[in-house]
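**Q** The chain contents come next:
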Amino acid sequence: MENLNGYLIVSAILFSIGTIGVLTRKNAIVIFMCIELMLNAVNLTFVALSRHLGNLDGQIFVFFIMTVAAAEAAVGLALIIAFFNNKETIDVDDINLMKW
Amino acid sequence: MFDNVWLIPLLPFIGFLINGLLGKRIKNETVIGGIASAMVLGSFIVSCLTLFNLLSLPGEERQVEVKIFSWITSGVFNADVAFLIDPLSCLMIMVVSGVGFLIHLYSIGYMHGEEGYYRYFSYLNLFTFSMLLLVLGNNLLLMFVGWEGVGLCSYLLIGYYFHKKSAADAGKKAFVMNRIGDFGFLLGIFTLFWYLGSSHNVWTITFTELANNSHLLPTGGIVTVITLCFFLGATGKSAQIPLYTWLPDAMEGPTPVSALIHAATMVTAGVYMIARMNYLFIRSPETLAVIAVIGACTALFAATIGTAQNDIKRVLAYSTVSQLGYMFLAMGVGAFGAGIFHLMTHAFFKACLFLGSGAVIHSMHGALHHAHSNDDAQDMRNMGGLRSKMPLTFITFLLATIAISGIPGFSGFFSKDEILWQAFSNPHHGSLNFLLWGMGALAAGLTAFYMFRLVFMTFFGECRITPKAKDHLHESPMIIVLPLIVLAGLSVVGGFIGIPKVIGDLFGGIPNYLEHYLDPVFKHSEEYMAHHGAHTGIHNIALEWGLMGTSVLIALIGITVAYSLYVANKGIPARFVAAFPGLHRAVYNKWYIDELYDNIIVNPCKAFSQFLWKGFDVIVIDGAVNGVAKTVMACSGVFRLMQSGLISNYAWSMAFGVVVMLSYFILK
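Note that the protein sequences, when read in sequence, are chains G and H.
With the first letter of the first sequence counted as 1, position 42 gets the number 411 in this note's numbering; the numbers rise by one all the way through.
With the first letter of the second sequence counted as 1, position 195 gets the number 205 in this note's numbering; the numbers rise by one all the way through.
The set of hints was computed from the structure by calculation and includes no laboratory data.
Where hints are given, some of them may not hold.
Rough simulated footprint, nothing fancy, chain G against chain H, three-plus residues with beta-carbon under 8 Å [claimed, not checked]:
1. 649-657
2. 660-667
Simulated restraints, written as ranges between beta carbons of each label pair [as the list claims (entries may be wrong)]:
3. H:F649 <-> G:K456: 25 to 33 Å
4. H:C645 <-> G:N372: 47 to 55 Å
5. H:D632 <-> G:I389: 48 to 56 Å
6. G:T458 <-> H:T641: 39 to 47 Å
7. H:V670 <-> G:F433: 24 to 32 Å
Where is the CB? At the ideal position from N, CA and C, for every residue including glycine.
The whole structure should be built from the sequences, with the hints applied where relevant.
**A** As C-alpha cells, then:
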C-alpha cells in the first residue's frame with residue numbers, strides 16, 4: 370500500500386473542511402452535516418491505516434463510529450425539528466437559552 | 011446488721027418519683043404532702059435503727075461500709091455506690107431526716123393552696139435524697155453526686171416562684187456561685203487522687219482508705235493545695251466569704267425551704283466535708299489558718315449586716331451565714347467535733363427560727379391580704395405586738411433565740427462556747443488565737459443583739475399594721491405549730507449531749523457524750539496531732555471559766571442593748587441612723603459587696619463576653635465564614651461570563667483547546 374499518504378491527505382482535507390464548516394456556518398443542519406464529514410474523515414483514516422498495518426481493529430472501530438453517527442443523526446435531527454417548531458428558526462446564534 | 015441502710019436515701023427518692031411523675035394527677039394536697047412526709051419519716055426511722063445498731067458496736071468498730079453495687083471501674087479507678095456508716099454520717103442522717111421530716115410536715119400547712127404543690131414536695135424529696143446521699147457516700151465521687159444534687163434542688167426551690175424575676179435571678183445566682191465552689195471541689199478530688207496514686211501507688215477515693223493512708227501525705231505542700239481546693243468548694247456550698255452573697259438572696263424561696271436547705275442542712279455540707287476529711291486538713295497548717303480566719307471574718311461580717319436588715323428572713327439569712335462562719339472557725343482551729351456539734355444545734359434552733367418566721371409571715375400575709383393592704387408581709391417595721399396574737403409561735407421563737415444567743419443552759423451556749431474556747435486554746439495558730447476568739451466573741455454579742463432586735467420588733471410593742479388587718483392575725487394551724495414545738499424543745503435540750511468537761515465536772519462528772527461518740531471519726535487527726543503537736547494547746551480551767559463568763563456577758567450586753575433600743579427607748583435607733591447616715595446606709599446595703607462583685611467581676615465578665623460576641627465572633631468567626639462565601643461568589647461572577655450559551659463559542663473554544671494541546675505534544 371504505497372500511497373497511504375494520499376489517503377491521509379484526503380482525510381485531513383475532509384476533516385479541515387468539516388471543522389471550518391462547524392466553526393463558521395450558522396445553519397444547524399449544515400453544522401450537522403459538517404460533523405458527519407469530520408466523522409467520515411476519521412473513518413477514512415481508520416480504514417487506510419487498518420489496511421496499511423494489516424490489522425482489522427481499525428475497521429471494527431469504523432463500524433462503531435457509523436453506528437454512533439446514525440444514532441446521533443436521529444437524535445440531532447429530532448432536536449432540530451423540535452427547536453424549529455418552537456422558534457421557527459434553526460440558526461444556532463438564536464439558540465442561547467443556556468447562557469448565564 | 012446494716013442491711014436496710016439503702017432504704018434511707020431510697021425512700022425520699024421514691025417519694026420524689028411518685029410526686030414528680032404523678033403529682034399533677036393526684037391533685038389532693040393531703041395525699042401529696044402525706045406521701046412526701048411519710049417517705050422522709052421512713053428514712054428517719056431507718057436512720058434511728060442504724061444509729062442504735064451503730065451504738066451497739068464497740069467504739070473502735072463503729073465504721074461500717076455497706077456496698078450496694080459497683081458503679082465505675084476503669085483501670086485503677088474504682089467507685090462504688092456504697093454507704094459509710096460511722097458516728098459522723100449517722101449524726102448527719104439523723105439531723106437531715108429528722109429536721110427534714112418536721113419541715114415536710116410544716117410545709118403541708120404552709121404551702122396550702124400554692125400552685126405547683128406537688129412540684130414543691132417532689133423537689134423537697136429529691137433534696138432529702140441528695141443530702142442523704144452526700145452524707146452517706148463512702149467515696150468522694152458519690153459525695154460529689156449528692157453535692158451537685160442538693161445544689162440543683164436548691165436552685166429549683168429558690169426559683170420556686172419562678173414567675174417572679176427576683177426569685178429566678180436568685181436561683182441563678184445561687185447556682186453560679188455554687189458552680190465556682192464545685193469547680194474547686196472537683197480539682198481537689200483530682201489532685202488528691204492523682205497525688206496519692208502517682209507518688210504512693212494508692213489509687214483511691216474512698217474515705218476509709220484515704221484515712222488509712224493519710225500517713226503517706228506530707229505536711230503542707232501539695233496537701234495545702236488539695237485542701238484549699240476543697241475549702242473553695244466548701245465556701246460555695248456553705249456561703250462563706252467570698253462566695254456567701256447567694257445565701258441572703260436565696261430567701262426568695264418558700265420559707266420552709268430556707269429552713270431546710272439554707273439553714274439546717276445543705277449549707278452545712280461544707281462543714282461536713284471538712285470534718286469527713288479532717289485527716290487531710292489537719293496536715294496543712296496554712297489551710298487551717300485560712301479556714302479559721304475566713305470563718306471568723308464571715309461570722310463577724312455577716313453579723314454586722316444582720317443588725318440593720320428589716321426583712322425578717324434576711325436577718326435570719328445573715329445569721330445563718332454568721333453561724334456557718336462559727337462552724338468553719340471550729341474546723342479551722344482543729345475542733346472538728348465542736349463544729350459538728352454546732353452544726354447540729356444550729357440545725358435545731360435555726361430551723362425553728364425560720365419556721366417561726368414563716369408562721370409570722372404566713373399570718374401577716376393573710377391579715378394584710380384580708381385588709382387589702384400592699385404592705386410587705388416580711389418587713390419587721392410592719393410587725394410588732396404579735397406576742398399576744400401568736401403565743402405558741404412567740405414562745406418557740408423566743409426559746410430558739412435564747413439558744414442562738416448563747417444563754418447558758420440552752421443548746422447554742424454549749425456548742426458556741428466550745429468553739430470559742432477551742433479558738434482561744436488550740437495549738438495551731440499561736441498568736442492568732444486571741445484575735446480569732448475576739449472576733450467570735452464580738453460576733454456572739456452582735457448575734458444576741460440582732461436576734462433580740464428581731465424578737466422585739468416582731469413580737470413586742472405596738473402592732474404597726476392597720477387595725478383592720480390586725481384583727482385577722484391569728485395563730486397558725488397545728489400542723490405548722492407542732493414542728494415549731496418539737497424544734498424549740500430540741501433547741502433547749504439538744505446541747506446536753508455535748509456538755510463541756512469543766513461544766514460536767516461541776517455536776518459530778520457528766521461526760522461529753524458527743525465528743526466521745528465522734529472520737530472514732532477524728533482519731534487519725536488526733537494521732538497526727540499527738541505526733542506533730544510541737545506545742546500543745548492551753549489547758550487552764552480558770553481561764554476557760556473566765557472566757558465562758560466573758561462570752562455570756564457579751565451576749566447579755568447584746569440583749570440589753572437590743573432591749574433598750576427597741577423596747578425601752580424606741581427613738582434611739584432613728585437618732586443613731588440620723589447621726590451616722592453613711593454607716594447605716596453601708597450596713598443596710600450589705601457593705602455594698604454585691605455592687606463590688608458586680609463591678610469587679612460580673613461587669614468585666616459581661617464586657618469581655620460582649621467583646622467576644624461583638625468583636626471576636628461577629629468580626630473574626632463570622633467574617634471568615636462569610637469571607638469564603640463572598641470570595642467564591644466574586645470568582646464565579648467572573649468565570650460564569652464564559653457561559654455564553656452560543657454553540658459557535660463553545661465550538662471555537664473546543665477547537666482552540668485541541669489546537670493548543672496538539673501543538674504542545676507535537677512541539678515538545
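**Q** Return the numbers of the hints above that this structure violates; sort them in rising order.
**A** Violated: none.
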